[in-house]
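Asker: Each chain, letter by letter, is given below.
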Amino acid sequence: MKFGVIVFPGSNCDHDAYHVISKHVGQPVDFIWHRDTELSSYDALIIPGGFSYGDYLRAGALASFSPVMNSVKKFAAQDKLVLGICNGFQILCEAGLLPGALIRNRELHFVCEHVNVRVESSDTAFTHELTRGQVLRMPIAHAEGNYVCDDATFEELNRDGRIVFRYCDPQGNVRDIANVNGSRDNIAGICNKGRNVLGLMPHPERACEEALGSSDGRALFHSLVGALAAAA
Amino acid sequence: MFCRIILRSPVGSFEFRVSSFELDCRLNEAKLHRAPNSKPETPNSKRNFMKAKVYVTLKPSVLDPQGKAIKHSVELLGYHGINDIRQGKYFEIALNGGLSDEEALAEAERMAREVLSNPIIEDFRVEIER
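Chains as they are written, first to last, in this note's numbering: chain A, 60 to 291; chain B, 182 to 311.
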């Protein structure tokens, strides 16, 4: 199972993702520069966090026009797995691979802290080893993580169980006080219709070692590898 | 190969010998360091100048926390009678003057729709100026 971590100018969690894939899940992984377009040898792609293009214009906007993104769209259309973390989530929304948009946090500040998210769906390749209602502790680090979408999209996401993570309190209650950025209905992560593209604001790759304060993120990557192994 | 350059001025004439390579470098340097207000080699006549102005604003349904914070500060300064402040973006695009008004508008609108705005959260308005 070969993983690819896409690197844009300004990506800064690319090495964290690479480290987790190579060290914790023990799979081959390459960095893919944003001008490369050949993705056929990969089984799963990670679009990492960071500040691609300095967040100019809109967070993730300029990266979504990079040459590699056309290939990512084709990759996703073949039901292959794409995980977008933080800036990666913003890029996936800007590229139209996920619905909605991520705007400035409700309180305007850049928020950098560990938060709790509740698993809302275990029906994805990324979460099938987790259980619905399970609480994961992972860090966030963003200023534009406030998820917005129109009512029709929201109803569709809800109906199809495509809201995968919600911000919650440590007991797993989805409350406004746990909503760190003002996202609609505490949304922290969603998937596409095909359930093969997932975007989330929290950083599972930075929550894979106890020394970093949490290892809850590992389950996500183990799910991913399990799903790939089952499909192979 | 060397060039001989003779400068004639009221205080006398000066002669330089420079290699053609050096001459080339000097000329390039002169081009790069041309004063910003000096005329370009092919001057744009007023007819050739065209500008698209693109205004991008958040849709009314989208919350604008930055606008809210600005309103709060403005009110703290004693300004009154403000109902709302919304923050937007403004782009000036210099266009090739050879385009017709319709072509320029179509091109700027396409750019605004596909790149400058995110249609999920933003609206835009385009003006063409000659």
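Since the hints were made in silico from the structure, they are not lab data.
Since we're looking at a predicted model, the values are computed, not measured.
Errors might be hidden in some of the hints.
Unchecked claim - Computed footprint of chain A on chain B; a stretch qualifies when at least three of its residues, placed anywhere within it, have a C-beta under 8 Å from a C-beta of chain A:
# : segment
1 : 246-254
2 : 275-283
What the hints assert, rightly or not - To list a few chain B residues with every Cβ distance to chain A over 12 Å, as calculated:
#  : residue
3  : N229
4  : Y236
5  : L239
6  : V243
7  : L257
8  : G259
9  : H261
10 : G262
11 : F272
12 : A287
13 : E295
14 : R311
To be verified - Here are the in silico distance ranges between beta carbons for each label pair:
#  : chain 1 : residue 1 : chain 2 : residue 2 : range
15 : A       : T212      : B       : A250      : 24 to 32 Å
16 : B       : G259      : A       : D244      : 46 to 54 Å
17 : B       : H261      : A       : D244      : 34 to 42 Å
18 : A       : I236      : B       : Q268      : 23 to 31 Å
19 : B       : E295      : A       : K133      : 40 to 48 Å
20 : A       : Q193      : B       : L258      : 36 to 44 Å
21 : A       : P87       : B       : I266      : 36 to 44 Å
22 : B       : E295      : A       : G192      : 52 to 60 Å
23 : A       : Q193      : B       : D304      : 34 to 42 Å
24 : A       : E215      : B       : D304      : 20 to 28 Å
25 : B       : N229      : A       : E215      : 28 to 36 Å
26 : A       : R218      : B       : L257      : 21 to 29 Å
27 : A       : N217      : B       : G259      : 14 to 22 Å
For every residue, glycine included, the Cβ atom is placed at its ideal position computed from N, Cα and C.
Asker: Starting from the hint 36 to 44 Å, judge whether the C-beta atoms of P87 of chain A and I266 of chain B obey it.
Answerer: violated, 52 Å
Asker: Is 52 to 60 Å respected by the C-beta to C-beta distance linking E295 of chain B and G192 of chain A?
Answerer: Distance hint for E295 of chain B, G192 of chain A is violated at roughly 41 Å.
Asker: Does the segment 275-283 of chain B contain three or more residues whose Cβ lies closer than 8 Å to a Cβ of chain A?
Answerer: violated (count 0)
Asker: Starting from the hint 14 to 22 Å, judge whether the C-beta atoms of N217 of chain A and G259 of chain B obey it.
Answerer: violated, 45 Å
Asker: Grab the minimum beta-carbon distance between R311 of chain B and chain A and tell me whether it stays above 12 Å.
Answerer: At about 27 Å from chain A, R311 of chain B clears the 12 Å cut-off, so the statement holds.
Asker: Return holds or violated for the Cβ distance of G259 of chain B and D244 of chain A against the range 46 to 54 Å.
Answerer: violated, 39 Å
Asker: Confirm or reject the claim that E295 of chain B and K133 of chain A have a C-beta distance inside 40 to 48 Å.
Answerer: violated, 19 Å
Asker: Beyond 12 Å from chain A, beta-carbon-wise, is V243 of chain B?
Answerer: violated, 6 Å
Asker: Go check the segment 246-254 of chain B versus chain A for me, would you? Three or more residues, Cβ under 8 Å, otherwise it fails.
Answerer: holds (count 3)
Asker: With respect to the beta-carbon atoms only, verify the hint that Q193 of chain A and D304 of chain B lie 34 to 42 Å apart.
Answerer: Given about 40 Å between the Cβ atoms, the range holds.
Asker: Return holds or violated for the Cβ distance of E215 of chain A and D304 of chain B against the range 20 to 28 Å.
Answerer: holds, 23 Å
Asker: Verify that the Cβ of G262 of chain B lies farther than 12 Å from every Cβ atom of chain A, and report whether the claim holds or is violated.
Answerer: At about 24 Å from chain A, G262 of chain B clears the 12 Å cut-off, so the statement holds.
Checked against the numbered hints above, the structure breaks hints 2, 5, 6, 11, 13, 16, 19, 20, 21, 22, 25, 26, 27 and satisfies the rest.
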